[in-house]
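*Asks:* I would like the entire structure built from these sequences, with the hints used as guidance.
Protein chains: 2
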Amino acid sequence: MTREIRLNAFFMNCVVHQSPGLWRHPRDRTRDYTNIDYWVDLARTLERGKFDALFLADVLGVYDVYGGSVDAALSGAVQVPANDPVLLVPALSYATSHIGFGVTSILSYDQPYAFARRMSTLDHLSKGRVGWNVVTGYLDSAARAAGRSRQNGHDLRYEIADEYMEVVYKLWEGSWEDGAVLRDREAGLFTDPKRVHRIRHEGRHFTLDGYHLSEPSPQRTPVLFQVGSSPRGRAFAARHAECVFIAGNSKTEIRKLVDEIRSLAKAAGRPPEAITVFLSAVSVPGWTRSEAENKLDDYRRYASVEGGLVLQSGWQGLDFASAPLEAAIGEVRRGSVEAHDRSDRAADRRTIQELGMATTLGGGAPLFLGSAAEIADEMQDWVEQADIDGFNLTSVVAPESYVDFVDIVAPELQRRGAYKRDYAKGTLREKLGGAARLATSHPAARHRVAEALV
Amino acid sequence: MTREIRLNAFFMNCVVHQSPGLWRHPRDRTRDYTNIDYWVDLARTLERGKFDALFLADVLGVYDVYGGSVDAALSGAVQVPANDPVLLVPALSYATSHIGFGVTSILSYDQPYAFARRMSTLDHLSKGRVGWNVVTGYLDSAARAAGRSRQNGHDLRYEIADEYMEVVYKLWEGSWEDGAVLRDREAGLFTDPKRVHRIRHEGRHFTLDGYHLSEPSPQRTPVLFQVGSSPRGRAFAARHAECVFIAGNSKTEIRKLVDEIRSLAKAAGRPPEAITVFLSAVSVPGWTRSEAENKLDDYRRYASVEGGLVLQSGWQGLDFASAPLEAAIGEVRRGSVEAHDRSDRAADRRTIQELGMATTLGGGAPLFLGSAAEIADEMQDWVEQADIDGFNLTSVVAPESYVDFVDIVAPELQRRGAYKRDYAKGTLREKLGGAARLATSHPAARHRVAEALV
Numbered sequence: 001m002t003r004e005i006r007l008n009a010f011f012m013n014c015v016v017h018q019s020p021g022l023w024r025h026p027r028d029r030t031r032d033y034t035n036i037d038y039w040v041d042l043a044r045t046l047e048r049g050k051f052d053a054l055f056l057a058d059v060l061g062v063y064d065v066y067g068g069s070v071d072a073a074l075s076g077a078v079q080v081p082a083n084d085p086v087l088l089v090p091a092l093s094y095a096t097s098h099i100g101f102g103v104t105s106i107l108s109y110d111q112p113y114a115f116a117r118r119m120s121t122l123d124h125l126s127k128g129r130v131g132w133n134v135v136t137g138y139l140d141s142a143a144r145a146a147g148r149s150r151q152n153g154h155d156l157r158y159e160i161a162d163e164y165m166e167v168v169y170k171l172w173e174g175s176w177e178d179g180a181v182l183r184d185r186e187a188g189l190f191t192d193p194k195r196v197h198r199i200r201h202e203g204r205h206f207t208l209d210g211y212h213l214s215e216p217s218p219q220r221t222p223v224l225f226q227v228g229s230s231p232r233g234r235a236f237a238a239r240h241a242e243c244v245f246i247a248g249n250s251k252t253e254i255r256k257l258v259d260e261i262r263s264l265a266k267a268a269g270r271p272p273e274a275i276t277v278f279l280s281a282v283s284v285p286g287w288t289r290s291e292a293e294n295k296l297d298d299y300r301r302y303a304s305v306e307g308g309l310v311l312q313s314g315w316q317g318l319d320f321a322s323a324p325l326e327a328a329i330g331e332v333r334r335g336s337v338e339a340h341d342r343s344d345r346a347a348d349r350r351t352i353q354e355l356g357m358a359t360t361l362g363g364g365a366p367l368f369l370g371s372a373a374e375i376a377d378e379m380q381d382w383v384e385q386a387d388i389d390g391f392n393l394t395s396v397v398a399p400e401s402y403v404d405f406v407d408i409v410a411p412e413l414q415r416r417g418a419y420k421r422d423y424a425k426g427t428l429r430e431k432l433g434g435a436a437r438l439a440t441s442h443p444a445a446r447h448r449v450a451e452a453l454v
Numbered sequence: 001m002t003r004e005i006r007l008n009a010f011f012m013n014c015v016v017h018q019s020p021g022l023w024r025h026p027r028d029r030t031r032d033y034t035n036i037d038y039w040v041d042l043a044r045t046l047e048r049g050k051f052d053a054l055f056l057a058d059v060l061g062v063y064d065v066y067g068g069s070v071d072a073a074l075s076g077a078v079q080v081p082a083n084d085p086v087l088l089v090p091a092l093s094y095a096t097s098h099i100g101f102g103v104t105s106i107l108s109y110d111q112p113y114a115f116a117r118r119m120s121t122l123d124h125l126s127k128g129r130v131g132w133n134v135v136t137g138y139l140d141s142a143a144r145a146a147g148r149s150r151q152n153g154h155d156l157r158y159e160i161a162d163e164y165m166e167v168v169y170k171l172w173e174g175s176w177e178d179g180a181v182l183r184d185r186e187a188g189l190f191t192d193p194k195r196v197h198r199i200r201h202e203g204r205h206f207t208l209d210g211y212h213l214s215e216p217s218p219q220r221t222p223v224l225f226q227v228g229s230s231p232r233g234r235a236f237a238a239r240h241a242e243c244v245f246i247a248g249n250s251k252t253e254i255r256k257l258v259d260e261i262r263s264l265a266k267a268a269g270r271p272p273e274a275i276t277v278f279l280s281a282v283s284v285p286g287w288t289r290s291e292a293e294n295k296l297d298d299y300r301r302y303a304s305v306e307g308g309l310v311l312q313s314g315w316q317g318l319d320f321a322s323a324p325l326e327a328a329i330g331e332v333r334r335g336s337v338e339a340h341d342r343s344d345r346a347a348d349r350r351t352i353q354e355l356g357m358a359t360t361l362g363g364g365a366p367l368f369l370g371s372a373a374e375i376a377d378e379m380q381d382w383v384e385q386a387d388i389d390g391f392n393l394t395s396v397v398a399p400e401s402y403v404d405f406v407d408i409v410a411p412e413l414q415r416r417g418a419y420k421r422d423y424a425k426g427t428l429r430e431k432l433g434g435a436a437r438l439a440t441s442h443p444a445a446r447h448r449v450a451e452a453l454v
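Residue numbers (our numbering), protein chains in the order written: chain W, 1 to 454; chain Y, 1 to 454.
Calculated directly from the structure, the hints in this document are not laboratory data. Check the hints yourself; a few may be wrong.
What the hints assert, rightly or not - Calculated Cβ distances over 12 Å to all of chain W for the following chain Y residues: (1) H98; (2) D123; (3) R144; (4) R157; (5) D259; (6) E291; (7) A436.
To be verified - Pair by pair, the computed Cβ-Cβ distance ranges are: (8) W:G335 <-> Y:R183: 35 to 43 Å; (9) Y:R200 <-> W:R198: 36 to 44 Å; (10) W:T440 <-> Y:D297: 46 to 54 Å; (11) Y:P443 <-> W:Q414: 55 to 63 Å; (12) Y:D155 <-> W:S69: 35 to 43 Å; (13) W:A435 <-> Y:T351: 50 to 58 Å; (14) Y:Y38 <-> W:E163: 45 to 53 Å; (15) W:N35 <-> Y:Y38: 47 to 55 Å; (16) W:D37 <-> Y:G203: 38 to 46 Å; (17) Y:P443 <-> W:R333: 46 to 54 Å.
Said to hold, decoys possible - Selected chain W positions facing chain Y (Cβ under 8 Å, derived; list incomplete): (18) W23; (19) S75; (20) R117; (21) G174; (22) F190.
It should be emphasised that the depicted structure is a prediction, and the values quoted were computed from it without experimental measurement. Quick reminder that beta carbons are idealized off the backbone N, C-alpha and C, glycines included.
*Replies:* In structure tokens, the structure reads:
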């Protein structure tokens, strides 16, 4: 049977998400990111193309590793300025009917009690179309902005994240029973107090004593997304995530990673297929191959190598301005004592110039180029070979990259039976193939009170 | 000259704001508060009636003082469940064009860095139509939910609030100069790094080292609202607030309070008229007086005395379930060691029953009843006698209370030249009579970098 491909648009509430320099392209509209009409137009395009969700990345700091300053990030608009992604969702869900919205929230800098209410409110307002990308953060600049000298160590961040999840699960799943809200005008009983439970949590990193402030929303816990690249991150994802974002260019390497995530999920007592895996990718489609190639050539003229290096410096914690562009990446890495784990050893022989350029069109993700049939072939081959479920499509020129995909590639995938012609009914979780609420095999489910399980 | 009256709708993202029990009225729609269409309908009604702003109150805890438990609050839906107010603004500003939006944010439980970005994002998305009600919180339950044993003392809360304001002023006013963002495609220069400034703050309660993440929004600092009833609160309001909310039923008492606030502002180096004063009020208008009286009688049948006492117990920190309904309020107050300062000594002779009933239709605010002419007379008399600028109109039955005001009273006020027929152009601050940015006499202005003042 042809496997149905899942699609998110992977984007950010700023000018440059992962295609530095492209904001200078005459047809690019990302510099309108402060204007809600631009966003509504984008969301409606994606909904016309049956995208599962618009996924919004976020950072709460600046990219200041490159050259030891924020200057290059500012002049190239590399993820700064960056507005709050969460606030787009109420307007965009009001202006659409089906598409889901994933928001990144960096739990290291947010109180769980207020955060849990924020997500419940979004889930109410969007009628159950919200997902949450659980992120622990990777920028020291974000830690400094929150008044700390630097961020916590990598594994400690995940330990804190595990406890944070426990707290919000208790609030979302355990505080209000399903039948608690009666809205009974005659009896004058809005909520049955016996079915609302006080949450007490006293842990190593969080203390809380209170009632969740929101009544149960359609999904309760939002659909949980996670990027788990490190071993500790993968273990976290296997335990918590319903959707996992991965990045890479080798089908065999990605296959290994997907196998590992699925077997880790199984080991955590969850069905391996409970995790939907999205691969970062970018597409440049044309009505003909040569049209696509010409488009790519045109795009490349606006790419900013420096912008690509600003991103890579932030991601890897390595200052790629500290060596000449012709130097090998390995030279910079060897000069650093604290390389992050995003590194790919085999790539160390590339020059800094090559790394920067490779990061300009979609942040280094696989680039699908050509006609509808060629791109559809490549996407189906990825799904087949690497056992992924779909793609996080980032853009080169926005909204053009999405308009092109929707007009050119989506109909071809639909003809092949590899892509939905219509949305399924219900919440985002239901559209992704689950029930409205989290499966009982998920660790959040054990916080439900007994009555709610009946 | 006839003085123009300012109007906010004073509301909350929940079922019962200040009219407990009225959700049981057949025409009341507050129980639809999770539905965005209900909110859009409300906002458009207010915009049709030229309201300056929809103001959204908030709590981050539950009313659990009455009877020492949350039970009565839950069964009567007294400000619980309560969703996040901030998330309504993006959808409602998208669905309207002129009306402003005031949001309450309780600074005791929010990091200034992320909060400042949230407000800047709202100001961008709404094209400068955002106000912030600065609140330090008054519920111990909110402190416990944030992992503390109880809230900080009253004066310490204001000391922390003063420092919080300093931090967010620095971010909003001092980080990005007006000319910093160039959006220059040809030169490849989005932002001029020389005109973006790092904010370093090391204070008693907050530490921060970073750049504001949002580029300057139309208003930069949102319009600042504050409820200042205690002496310390009034001093805070005189220093920071552009709009002050006050509550009370005596024109002479309110006049004294307004005089004091205006002279405190003057002492703080600000023009006395820089502060716009709104009095809490509620109206029950009819096409005739008898229609209005019948409407009020009908409403009263749904009022909940217990709900009124749940609110009063939370506001005053006194358990009004601890004595019989026939007892005088003074008995409960004398039994408590820590009465808050909202008390009104002269009212102590009222019974608990009377207090509860008086709090059911608009939380005890002055109630304007009658025909359009009668209500307009009363409103103009308040403005004249008490030197207030306008009203925070709360509702009894929603949206009916606002629909009635817009259809019946607003045209009469317009005929008298006491109410605008159309919105002024520009941001909320401009609509309220100021410039788009805060006046130079405001303490936030000293955080502007020199170049921005030119």
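*Asks:* Tell me the hint numbers this structure goes against, listed in increasing order.
*Replies:* 2, 3, 14, 15, 21
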